[in-house]
Amino acid sequence: MYLAAPMVMYACERLARALRSSVRPVKILKVAVYPGNVLSLRFSKPQGFRCKSGQYIFVNCAAVSPFQWHPFSITSAPHDDYISVHIRTLGDWTRELKSVFEKVCRPPTDGKSGLLRAEYAGDGGAAMPSPSSFPTVLIDGPYGAPAQDYKQYDVVLLVGLGIGATPMISIIKDIINNMKRLGGAPTSTG
318 MYLAAPMVMY ACERLARALR SSVRPVKILK VAVYPGNVLS LRFSKPQGFR
368 CKSGQYIFVN CAAVSPFQWH PFSITSAPHD DYISVHIRTL GDWTRELKSV
418 FEKVCRPPTD GKSGLLRAEY AGDGGAAMPS PSSFPTVLID GPYGAPAQDY
468 KQYDVVLLVG LGIGATPMIS IIKDIINNMK RLGGAPTSTG
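Here the numbering used here runs 317 ahead of the position in the sequence shown, where the first position is 1.
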């Protein structure tokens, strides 16, 4: 009895996640492997996907592990027509994810110092990989975060270093997009 209830709750959560991710298929649009062990993934935005700056999604790549879901901050702005995440390769799962995507990336060009990149051009160009060459990726979310309510304040202080700055990227992009939409231009003091 003491184990049955938690196991049923766990199974229900896994089933719900599988169902939510299967109704929101994503297509990988761009992959970049940056020096410093950072992997950048850009997905197509599923129908009805709405997020706020500072939120996160769970990502699953069956080529790495079909049952593991890992949370990553969304680095694209809410009004962008894509979803992007930046992943620092620190553990076994993220290292394996990086190696899976390195296989479909083009080697670095002169002057790009180790940057691996692959993009889906959509026109079937020979230089670009087809979407079928990318591994299948599922997403679940978005989920809330404390930073998503930043618009309620007149002054916002963003502090983040290294890969911990990823939630701030989305907020900064959203602020810039809002200023452009309202006709203002970002200004700097100094």
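Treat the hints with care, since some could be wrong.
Within a straight-line C-alpha distance of at most 27 Å, the following computed DSS-like cross-link-like pairs (lysine-lysine) qualify [stated by the list, open to error]:
{"no.": "1", "residue 1": "Lys344", "residue 2": "Lys468"}
{"no.": "2", "residue 1": "Lys347", "residue 2": "Lys415"}
{"no.": "3", "residue 1": "Lys362", "residue 2": "Lys347"}
{"no.": "4", "residue 1": "Lys497", "residue 2": "Lys468"}
{"no.": "5", "residue 1": "Lys362", "residue 2": "Lys344"}
Keep in mind that the hints were calculated from the coordinates and are not lab data.
Quick rundown of the hints versus the structure:
| no. | hint | in the structure |
| --- | --- | --- |
| 1 | Lys344 / Lys468 | violated, 30 Å |
| 2 | Lys347 / Lys415 | holds, 13 Å |
| 3 | Lys362 / Lys347 | holds, 13 Å |
| 4 | Lys497 / Lys468 | holds, 16 Å |
| 5 | Lys362 / Lys344 | holds, 8 Å |
Figure legend: structure checked against the earlier numbered hints; the only hint not met is number 1.
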